[in-house]
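Asks: Listed here are the chains, written in short residue letters.
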Amino acid sequence: MTRLQQLGPTALVWLVLLTMPFWINAIGGYTELASRVVVMALAATALNFLLGYTGTLSFGHAAYFGLGAYGVGMTLKYLVPSTTLGMLIGVVVGTVAAAVIGALIVRLRGVYFAMVTIAFGQVFYFIAFRWNTVTGGDDGLTGWQRQPIDLAGIRLDIQHHDVAFYYLALACFAASVGAMALLLNSPFGRTLQAIRENERRARFLGIAVERHIWLSFVISCAFVSLAGTLYALLNNFTDPRALRWDLSGNFVIMAVLGGMRSFWGPLIGAAVFVVLQDYVSSHTENWMSIVGLIFVLVVLFFPRGVLGLLQRRGPA
Amino acid sequence: MLQLVLFNVFNGLIVGAFYALMALGLSLILNLSGVINFAHGGFLALGAYIAYSLMPLVGFWGALLVAPLLTAVLGLAVERVLIRRVYGRDPLYSLLLTFGLAYILEDLARYIWGAQSVPYPIPEALARPLSTQFFFLTGYRLFMVALVALAVAALFFVLGRTRLGMRIRAGTLDLETVSALGVNVRVLRNLNFGLGIYLAGLAGVLAAGMLGLQPTIGTSLIMPSFVAIVVGGLGSLPGTLLGGLLIGVASGLATVFMPSASEAIIYVMMGLVLLVRPRGLLGEEGRLK
Chain A
4 MTRLQQLGPT ALVWLVLLTM PFWINAIGGY TELASRVVVM ALAATALNFL LGYTGTLSFG
64 HAAYFGLGAY GVGMTLKYLV PSTTLGMLIG VVVGTVAAAV IGALIVRLRG VYFAMVTIAF
124 GQVFYFIAFR WNTVTGGDDG LTGWQRQPID LAGIRLDIQH HDVAFYYLAL ACFAASVGAM
184 ALLLNSPFGR TLQAIRENER RARFLGIAVE RHIWLSFVIS CAFVSLAGTL YALLNNFTDP
244 RALRWDLSGN FVIMAVLGGM RSFWGPLIGA AVFVVLQDYV SSHTENWMSI VGLIFVLVVL
304 FFPRGVLGLL QRRGPA
Chain B
37 MLQLVLFNVF NGLIVGAFYA LMALGLSLIL NLSGVINFAH GGFLALGAYI AYSLMPLVGF
97 WGALLVAPLL TAVLGLAVER VLIRRVYGRD PLYSLLLTFG LAYILEDLAR YIWGAQSVPY
157 PIPEALARPL STQFFFLTGY RLFMVALVAL AVAALFFVLG RTRLGMRIRA GTLDLETVSA
217 LGVNVRVLRN LNFGLGIYLA GLAGVLAAGM LGLQPTIGTS LIMPSFVAIV VGGLGSLPGT
277 LLGGLLIGVA SGLATVFMPS ASEAIIYVMM GLVLLVRPRG LLGEEGRLK
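Those sequence lines, one after another, are chains A and B. The first sequence begins at 4 in this note's numbering and counts up by one. The second sequence begins at 37 in this note's numbering and counts up by one.
In isolation and in its complexed conformation, chain B is listed as follows (with noise of 0.2 Å):
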């Protein structure tokens, strides 16, 4: 029983690692620019796919290198083209926008992919289990664990240490007056975005290897990235790390006890903490608006 706790628990951790990296990329667009982006599963989904294409090129190492910093190009690009069109117009269209691109996305990685799932080789080396006891504590998991950690504290160093992060802090307080401090704010945005997208290529990659390649495996991630971010706290990006941990384990837990509900459970969290404390956990008073 202990064994199967344990199990789940470290399961939803890693499940959760992977909301929180979504959900974090998700969060810069949002408090920055406005903007929901439901595109975010597809770029995720792209990543993945364009990981698995470069993989006999360059192998694992490569593609897991690679494959983010070509969806974040992708990104960038899609930005300049589309997104950047809707900023500052009603809400509505950024999400319908971002919508349709999902749509578009989701369907691109069928076409040239294929509907099936396609097995994502990890190596051997990271394949093995490190203890006959605790068979789950493979190196693959470890190591994503580790790299996810690693991914938060450098996006978290770019923020608080470098100029671009410390003018997209400041874009997200007041982007009018940093605008009017000669930052070149469609830039700014245009690199923030294509910084989630990046993230959210990197979470695609590891994911891939962990619960299979297909179209579709954008699409079930965003929804709790969602909720990470409402239970987290808006605004807040420690709010939607920890928000995406507390959702992955939950809802590992509630697999051992309620199979049933590992789902739904995350979005009844959700409603607990809309009701309790709606800015959520570590979300500043005044940002529901």
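Next up, chain A with everything else stripped away, as it sits in the complex (with noise of 0.2 Å):
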């Protein structure tokens, strides 16, 4: 594919995404879908960066989501009434928590690296959990609000209104696929790839193999806490089911929904799963079945997802 081919559903998608707030309504949707569908895109496609780039399976990945909103609540809360040192250390908990684990487990490979990582994100959730008059337990973390943003003078109201956060949310989206679209064309991104398609090759080549894979591990796990800081920001809340093993379960669905090997395949996913999670468990209680249905029909016929569907054969 040519860099001109490619710049058309590029354009196209900023397009979408930078009007959405102006058309969302009119559809029956409203603001904080819009901001929820990009945070869940920003943390799919984070996710993507080691499922589908690195060839490395996470089902542990709420966490690190969640790690990050405890991160900015708590620092909200405790510390200091500041929106973006709250997102900063959201994610820098998240990292380094990822950055201890990853270390632990990147000799493991396929089911039993999944299997490792989605029980390691339970000690988080049982935290969460149990430390009640720290974290609210299981009512959640409550009283506090984000606050608005003073960039270089100007200020940033995203307290009082809806709009102002989503495109705060869409500026993180864009300055993380930008940088993730960068280490994804660098020489490290390549051999991110090298490893997913041939990992003894790569370790023949002179790659040190785990020392990557818990690079790319590290990197993903930061900008899905980034996602996770927005989540709290955008709900004012935060409780333990940012850090459970099904939301975990929930972004590999939208990165694997979307086609998770194109770029922008975790972002189409995210936005389908978001609006129709919203959509099914406001008409039915039974939610949990349709979802579930949603993962054995994706597994059984669109295994390559949307846009591996419209591609036939896409490029990596």
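The set of hints was computed from the structure by calculation and includes no laboratory data. All of these numbers come straight from a predicted model, not from anything done at the bench. Note that the Cβ used here is the ideal one computed from N, Cα and C, for glycine as well. You can trust all of the hints, since none of them are fake.
Pulled from the structure, derived: some chain A residues nowhere near chain B, Cβ distances all over 12 Å: (1) Pro12; (2) Thr13; (3) Val16; (4) Gly31; (5) Pro84; (6) Asp153; (7) Ala155; (8) Asp160; (9) Val166; (10) Ala174; (11) Leu187; (12) Leu208; (13) Ala211; (14) His215; (15) Trp267; (16) Tyr282.
Going by beta-carbon spacing under 10 Å, a handful of chain B positions derived as facing chain A: (17) Ile72; (18) Phe74; (19) Leu128; (20) Gly136; (21) Val266; (22) Leu270; (23) Ser298; (24) Leu311.
Two chains, two frames, some hints: make the complex.
Replies: What follows is the structure, encoded as structure tokens:
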């Protein structure tokens, strides 16, 4: 695919994202839903950095998402009323946790890697669940609000304007996917894809496979924790469900549903999943069955996702 | 104090026995077919609920006998219709498929039997404490331990001494060769899956009498089962058994000394094992891939 051909879809994606607050109400949505799509798209794209481009299956990304969420929430509640500092702390906490856990698990592969990532995710769930006095336990962390951001003399009032918050989330999304795209096109990113294609061969070529997978895991988790901070800010709330294993599974299905071998796949998957979940959960109590059915149908009939269907032999 | 410690160690042992029973089933399926069955907890809950519904008809003992079998039959059917399709594909798909199944099974239980916890009666004869000093030694608890021990012994007998068991073990090592030797691998995997689900159903029936019965009973037991497999050693069934009991006792002890860490401690143990001995306590070398 030439550069020009790639430019078309990319421009379309940004056009849709930039104008979303203006038409989402007209088609029956609401601004908060638009923000949720962008936040989840960031999480799914970040997961796909590991899943689609390194070929490593993590089913525990909700842990770092939740750490970001609690990081920002607890900073705003207990330390300082600064949104930017809270986000920074949230991302740092999530990234450090990923660095430690990643070091423990990089030697595992395939299903075992997935099993251990999901099991480790539960540690943070139980800490958040049990440590009532600090985290609010099962009821979640309340009693704090996102604060307006002052940037170079300009005040961005994300506290009272949902649309302003949407653009903050979109800016974070843009910066993150930009950074990830750059990384993936760098020699480092090519190496990750080489490991995905043939790990043994990469190893014989002298590539430090474990270190690359570890780095990819940490980078992916850093962006997922950024998404987590945004999610907490969006809701002015976070609870242990932001850390739980089912959310990790949802991230994976978003990436696969959209098409994990294409860069914009997770975005499409997240949009479809979030909108569908919003619709289904407001119409039936049995939304879990519907979501479960989506999982089963995707595996059986759309293993390459929406974009995989569109571009028959898409570039990796 | 001693009594409290003994009580919690014993409690932990029982919970560990559930973990082990569940993890053994998971291990069987994982080792032969390379599938992590996320829906295992859903089957466990289903087994318990089936027993609950059968009890008015066939009594406690009848339900204990029949419900795990019915669950296993259900497992056989699900394997035939769904799980079979993802063998040999990227493990991602088997995870997603069973993940979705777990959602559906939990929701199904909620839909049929309600979201609230239902009481699971146990026979009068088993509910009495056996000793006044050690009040926690009820007949039911001892009975559970004995039954789990019996089930594990039976499992190891089946695997070690019967034709089916030998084929399962051989298939775990090299499925292709087993197939070339004329064993019907499709049937083998199907039966193996059913065997795993039988253990889940049995664990469900026993756990319901102790922990109470609610739709989430399965999900609360499946994560520790993963930990049991990793701690005990990938690919090793005795390891899985050991891992389950170990983390059960550890979590029981934590309840005495630091109750808020009673869940987190098993994950810390898993971290330590991965740090010191990545293949697990009894794991074989080269099973990490």
